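Visitor: Sequence:
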Amino acid sequence: DLVAAELGIDPVEFRLKNVILPGHTTPTGEVLREDAGRVDQCIKAVAEKVEWGKKPKPAFKPRGKGIAALWKAPAMPPNASSSAIIKFNEDGTAELLLGITEIGQGSETALAQIAAEELGVPIEKIKVVPFRHTDVSPYSWQTVASRVLFMDGKAVQMAAKDAKAQILEIASHVLRVPKEDLALENERVFFKGRPELGLELRQVVNGYTYPNGNVVGGPVIGRGFYSATRLTYLDPETGQGLPALKWTFGAHAVEIEVDPDTGMIKVLKLVSAFDIGKAINPLLVLGQIYGGGVQSMSLGILEGYVYDEKGYVLNPNLTDYKIARASDIPVEHEAIIIENPQLDGPFGARGIGELSMLSVEAAIANALYDALGINVNNLPITPENVWKHIHAKKEKRLEVTV
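Residue 183 in full-length UniProt numbering is what sits at position 183 of the sequence shown, and the numbering runs on without skipping anything.
It should be emphasised that the hints constitute simulated quantities derived from the structure, not laboratory data.
Simulated pairs of lysine-lysine, PhoX-like, Cα-Cα distance not exceeding 25 Å:
no., residue 1, residue 2
1, K266, K322
2, K179, K87
3, K54, K266
4, K17, K54
Using C-beta positions, here's what the derived DEER-type ranges look like:
no., residue 1, residue 2, range
5, P282, E51, 17 to 27 Å
6, I9, W387, 26 to 36 Å
7, R38, P77, 26 to 36 Å
8, N378, P260, 13 to 23 Å
9, G53, K393, 21 to 31 Å
10, E384, P58, 20 to 30 Å
11, G239, K161, 34 to 44 Å
12, N18, P260, 28 to 38 Å
13, Y305, K394, 26 to 36 Å
14, P282, E95, 18 to 28 Å
If you're wondering where the values come from, they're calculated on a predicted model, not measured in any experiment. For every residue, glycine included, the Cβ atom is placed at its ideal position computed from N, Cα and C.
All chains should be modelled from the sequences, with the hints used to inform the complete structure.
Guide: Below, the structure is given as structure tokens:
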């Protein structure tokens, strides 16, 4: 925004002229692939929703609009990997073993959906084994960096493909049909040319037993893994390399109201847009965007440690350390999902977890400049912080007048 103001260009127009797009090169030398995602679409989407270019409605207190864009890749070593196991019960239901930790982000649900889609069964037939234990759980590097859906999703997809291949192999022997001519849908394995010729999934997943007791095959256990094999460390001399497994792009736009007497900021509207490739579970994605947006807003205008001159924390508890409450959430809060599928993602998906927590603070700071013409470049943008900047600007104006 500072550069745009210096050049006399609209901040949105300036961003759109300079954003990184597929085919462009990152600072580390990576050329973004054609399926890398589109930050320009995110910027345009949020700008439209806040009616960028139109002045805020007249009010008793100054109002302003601000926008900020973002992009992020998982921070992890090049050899990070994930694995998954799928096994079956006698009734045809499946158990999914994972190495990730479910901490409320909804990963287990999304990963179960991926398994169900690949196996052609309802999600109700997929049970995620609820515990994680290094003695028995498959390996997954860490539950961090917005990598779980992408990497563990690929591992689950590979495990489901492995299980499916075994199921089709067994059914091929029983039905005497080439496995290439078989399909697995709705808990049935059947001949594509004659759908009535087939077997129930439960008849196959632990080996098929003929009426005379002979068995073909055995218990189906699908295994899958995904490793970020194409990544490299950054060269310590040049800073060049391929550290990014995937990029997720997004943008936020806000409209705020500021009380110039107290410095209090009220976020009236928050709009967020993210290109996540493919929404495996749209409701979970929206939950991440809404929740992360509020957290980012809270970090921007409320949260921050206060120390005395000896370095002791003066607000060590939630009585004094302020976080956003329900009354602080913008009345108008909108999330937009943009889908440009990533070809090597599970069904085209990218991660979203941490992304929604980035750059709302910057959008608020830009909106504050739009409202009062002051630049606050340190967080949090508390009423005290804003008030000091307002009065510093007044004093500077007085000095110029004198």
